[in-house]
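Trainee: Turn these sequences into a full structure, and let the hints guide you.
Sequential numbering from 1 applies to the sequence shown in our numbering.
Honestly, I wouldn't trust all of these hints.
Unchecked claim - DSBU-like mimics (lysine-lysine), calculated; alpha carbons at most 30 Å apart, straight line:
(1) K97 <-> K204
(2) K299 <-> K271
(3) K9 <-> K174
(4) K141 <-> K40
(5) K282 <-> K166
(6) K114 <-> K256
(7) K299 <-> K259
(8) K166 <-> K142
(9) K259 <-> K97
(10) K114 <-> K292
(11) K9 <-> K256
(12) K204 <-> K271
(13) K110 <-> K292
(14) K40 <-> K174
(15) K85 <-> K97
(16) K85 <-> K166
(17) K40 <-> K9
(18) K40 <-> K282
(19) K204 <-> K114
(20) K204 <-> K85
(21) K110 <-> K174
(22) K282 <-> K174
(23) K114 <-> K40
(24) K166 <-> K256
(25) K282 <-> K141
(26) K40 <-> K166
(27) K97 <-> K9
(28) K256 <-> K174
(29) K282 <-> K299
(30) K85 <-> K9
(31) K110 <-> K204
(32) K110 <-> K97
(33) K114 <-> K299
(34) K271 <-> K282
(35) K259 <-> K282
What the hints assert, rightly or not - If you anchor each label on the Cβ, the simulated ranges turn out as follows:
(36) V13 <-> K174: 42 to 50 Å
(37) K174 <-> D10: 19 to 27 Å
(38) Q201 <-> S63: 41 to 49 Å
(39) K85 <-> N112: 15 to 23 Å
(40) K204 <-> A60: 36 to 44 Å
Derived from the structure by calculation, the hints contain no laboratory data. Remember, it's a predicted structure, so these values are computed and weren't measured experimentally. The beta carbon of each residue, even a glycine, is placed where N, CA and C say it ideally should be.
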Amino acid sequence: MVRAYSIGKDSLVGKTIIVTGGNFGLGRSAVESFAVAGAKVIIASRSLERATAAKDEIMAIVSHTNGNGTVEVMTVDISNMESVKEFASAFLARDEKLDILVNNAGLVSKTNTKTSEGFELHFALAQGHFLLTLLLLPALKKAPNARVVTISSVGHENATGIPYEKLFGDKVPKTQSTTEAFGSYCVSKLANIYYSRWIGQQIKGSGITTYALHPGAVATGIWKEVPSVLRWMIKLFMLTEEQGARTILYCAVDEKAGKETGLYYEDCSIKATSALGSDDTKAVELVETSGKWLNIDVKSYF
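Mentor: Below you can see the structure in the form of structure tokens.
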């Protein structure tokens, strides 16, 4: 049974929230809930057209419920580090506080799996969210009790480590088999847990809290490259997007969750990660490697 969780109307008035990949799937469901609850929500998406369409649909729902929330769109490709930097600069230039950052954008892809910057695509999304969080810390620090919610997956349990040689450089494949793509996805979700917990440890006591979560097995567009027959079977056993978004909402606004940081969640409650997922030494190794690849001093952000 999926635990129910909802946000009260007007309970988020005055809050500013960014949701990456907020134009479809779990992200869109979360954006709708935040906006109906009165927040100002920014959909951060690669596609201006799709994000604008989602914004219009959500605002129609907000209007129908006599809500006070607003939705706007900003473009960013989370898998491209330069795009992430440009997005963060544009938001920081607004000199606004950021109450909640939801690192949601994700995919499972077999094609074009090496980015123009030389990163494995699935990993690039995880690292892009890590970089985005670091860059937006000044805005998060302006908000009382800000939160960073990162979507991971139970799939992280299938990862046997971080294969650095396949994540950046000449050995990154341009295409992957279905099995390879799923393996890359699992590695990226392990990376999400590492990044989230490491940042949570660095800022503990600052008022900013971090969360990684498994939303459940959800039938979203993330599975669009899976063969159609399998997609049909998957949907029979998966949660709806609304059900899957509940743990996102819980981590983003729940009072009890606000007293916790750096942990992993499933079904609106704390969940143990795999043994590898709780290895702080491996997390530090990943963070330091990303710092070298991104040419940044990760400690300087805190």
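Trainee: Each of the hints needs a verdict: does it hold here or not?
Mentor: Structure-based check of each hint:
no. : hint                     : in the structure
1   : K97 <-> K204             : 19 Å, holds
2   : K299 <-> K271            : 28 Å, holds
3   : K9 <-> K174              : 46 Å, violated
4   : K141 <-> K40             : 18 Å, holds
5   : K282 <-> K166            : 17 Å, holds
6   : K114 <-> K256            : 40 Å, violated
7   : K299 <-> K259            : 24 Å, holds
8   : K166 <-> K142            : 38 Å, violated
9   : K259 <-> K97             : 20 Å, holds
10  : K114 <-> K292            : 19 Å, holds
11  : K9 <-> K256              : 19 Å, holds
12  : K204 <-> K271            : 20 Å, holds
13  : K110 <-> K292            : 27 Å, holds
14  : K40 <-> K174             : 38 Å, violated
15  : K85 <-> K97              : 18 Å, holds
16  : K85 <-> K166             : 24 Å, holds
17  : K40 <-> K9               : 13 Å, holds
18  : K40 <-> K282             : 37 Å, violated
19  : K204 <-> K114            : 35 Å, violated
20  : K204 <-> K85             : 25 Å, holds
21  : K110 <-> K174            : 9 Å, holds
22  : K282 <-> K174            : 26 Å, holds
23  : K114 <-> K40             : 34 Å, violated
24  : K166 <-> K256            : 39 Å, violated
25  : K282 <-> K141            : 27 Å, holds
26  : K40 <-> K166             : 39 Å, violated
27  : K97 <-> K9               : 22 Å, holds
28  : K256 <-> K174            : 44 Å, violated
29  : K282 <-> K299            : 17 Å, holds
30  : K85 <-> K9               : 34 Å, violated
31  : K110 <-> K204            : 38 Å, violated
32  : K110 <-> K97             : 38 Å, violated
33  : K114 <-> K299            : 28 Å, holds
34  : K271 <-> K282            : 19 Å, holds
35  : K259 <-> K282            : 25 Å, holds
36  : V13 <-> K174: 42 to 50 Å : 47 Å, holds
37  : K174 <-> D10: 19 to 27 Å : 49 Å, violated
38  : Q201 <-> S63: 41 to 49 Å : 42 Å, holds
39  : K85 <-> N112: 15 to 23 Å : 22 Å, holds
40  : K204 <-> A60: 36 to 44 Å : 41 Å, holds
Against the hints set out earlier in the document, violations occur for numbers 3, 6, 8, 14, 18, 19, 23, 24, 26, 28, 30, 31, 32 and 37.
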